[in-house]
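Student: Here the structure of chain E is known, so what remains is to put chain A in place on it, guided by the hints.
Residue numbers (the working numbering), protein chains in the order written: chain E, 683 to 885; chain A, 683 to 885.
Each hint should be verified, as a subset may be incorrect.
Identical copies carry no separate label here, and so any pair may be met within one copy or between two of them.
[Stated by the list, open to error] Below, simulated SDA-like cross-link-like pairs (lysine to any residue); rule was C-alpha separation at most 25 Å, straight line:
#, residue 1, residue 2
1, Lys718, Ala701
2, Lys806, Ser833
3, Lys718, Leu856
4, Lys734, Thr843
5, Lys734, Arg779
6, Lys812, Leu746
FYI, nobody ran anything at the bench for these hints, they're computed from the structure.
Listed below are the residues making up each chain.
2 protein chains.
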Amino acid sequence: MTRNSTDATSDRIIAAATAEFARHGIAGARVERIAKEARTGKERVYAYFRSKEALYRFVAGRELAAMADAVQLDPTDLPGYAGRMHDHAVRHPERHRLMLWGQLELPAGQAPADDPLQESLRRKVELLRKAQDAGHLDPAWAPEDILVFVSQLALSWAGQTDLTPVGEERDAFLAARRAAIVAAVQRLFPATGSDATPTAAGS
Amino acid sequence: MTRNSTDATSDRIIAAATAEFARHGIAGARVERIAKEARTGKERVYAYFRSKEALYRFVAGRELAAMADAVQLDPTDLPGYAGRMHDHAVRHPERHRLMLWGQLELPAGQAPADDPLQESLRRKVELLRKAQDAGHLDPAWAPEDILVFVSQLALSWAGQTDLTPVGEERDAFLAARRAAIVAAVQRLFPATGSDATPTAAGS
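In isolation and in its complexed conformation, chain E is listed as follows (with noise of 0.2 Å):
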């Protein structure tokens, strides 16, 4: 996309996009609406992003872009990370609905080059390979499964909306799940704290 004078338009479209894709996935989105919602045409839109995936995967890159802002990985306290993942799923749930539409809609193995999604994944990739050459991650996991698996656990209540109470018990069951979540990651990867001795690898 090329930034101009014309960013307010822009920015229209990138917003409505982005609560149009939450609420209906990729294929069930209209560029139309979108484009009324962002009060331009939808030859505009086009004229931005190239097709409807193309917008997806702009507004998706820079939703995983906030939420990465929102939700530092620290890979010396992999169990408060997973927590700070789980608040913020739970506090946005339709930021986390945005990126679960791509992973079900988007054909596989096709993504760009420059796919932001990747390139966060990437990035976070690499800082666990280097927390474990440092110590303080048991180098004995491929990082990519540190990551995925963290991520997964944090993740495990904030979608299961139909198994989670409605009303005055809900904070109070949501509690117990983050505690619980932090208690899993911590027993697989355990935090060391960055001022802590690292842990003997493999240990």
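Tutor: The following block gives chain A in isolation, referenced to the frame of chain E:
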């Protein structure tokens, strides 16, 4: 749904609906397309199932039951269970897509009391609770957490199609991921084996 002499028609509807929902999700599925594929009419579909959502809940419950048959939950060997669940998801990606759509599209907290998904979860939680009482599983965990964590870990990689290499590397990659899943579940919820001495509770 009432079963009667027109079982052949309802079987065709169920088969067509399973494929349609796996591919397009709930909102994207077209009852007309399902009816056509099942060589019947839309009104017949609605005679069996009162709504598209009811039809989805029926086929998703059916798939879940088939999966539970294929991947037996053995509370004394959760690592083995996780490995089998991973295998099943890798072998039948369309069945897992079918379940994921429900998480995204079904309205939260509105499952009917006889929802087969809820029913299947309740049964599994009960099995885990009994295994905790018998000393096979650490009773410090809530059984719901055990169930969700094991299934999140088991399905870590089956859905990550963008992170999975295609071509000849694929099998070795997935075998390594499977081994990591089994190792992670073993660390969290060690297998005792039905003939082994139960682990000390809380160990």
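Student: Determine for every hint whether it applies to the structure shown.
Tutor: Hints, one by one, checked against the model:
In the homo-oligomer, the alpha carbons of lysine 718 and alanine 701 lie at most 25 Å apart inside one protomer (13 Å), although the nearest pairing across protomers, at 34 Å, exceeds that limit. For the homomeric pair lysine 806 and serine 833, the shortest alpha-carbon distances inside one copy (12 Å) and between copies (24 Å) are both at most 25 Å. Taking CA atoms no more than 25 Å apart as the test, lysine 718 paired with leucine 856 passes in neither setting, with 38 Å inside one copy and 44 Å between copies. In this homomeric assembly, lysine 734 and threonine 843 come within 25 Å of each other (Cα to Cα) only across copies, at 20 Å, whereas the closest approach inside a single copy is 28 Å.
Taking the closest pair of Cα atoms, lysine 734 and arginine 779 come within 25 Å of each other both inside a single copy (17 Å) and across two copies (21 Å). For a Cα distance limit of 25 Å, the shortest separation of lysine 812 from leucine 746 inside one copy, 22 Å, qualifies, whereas the shortest one across copies, 40 Å, does not.
Hint check: a violation occurs at hint 3 only; the rest are consistent with the structure.
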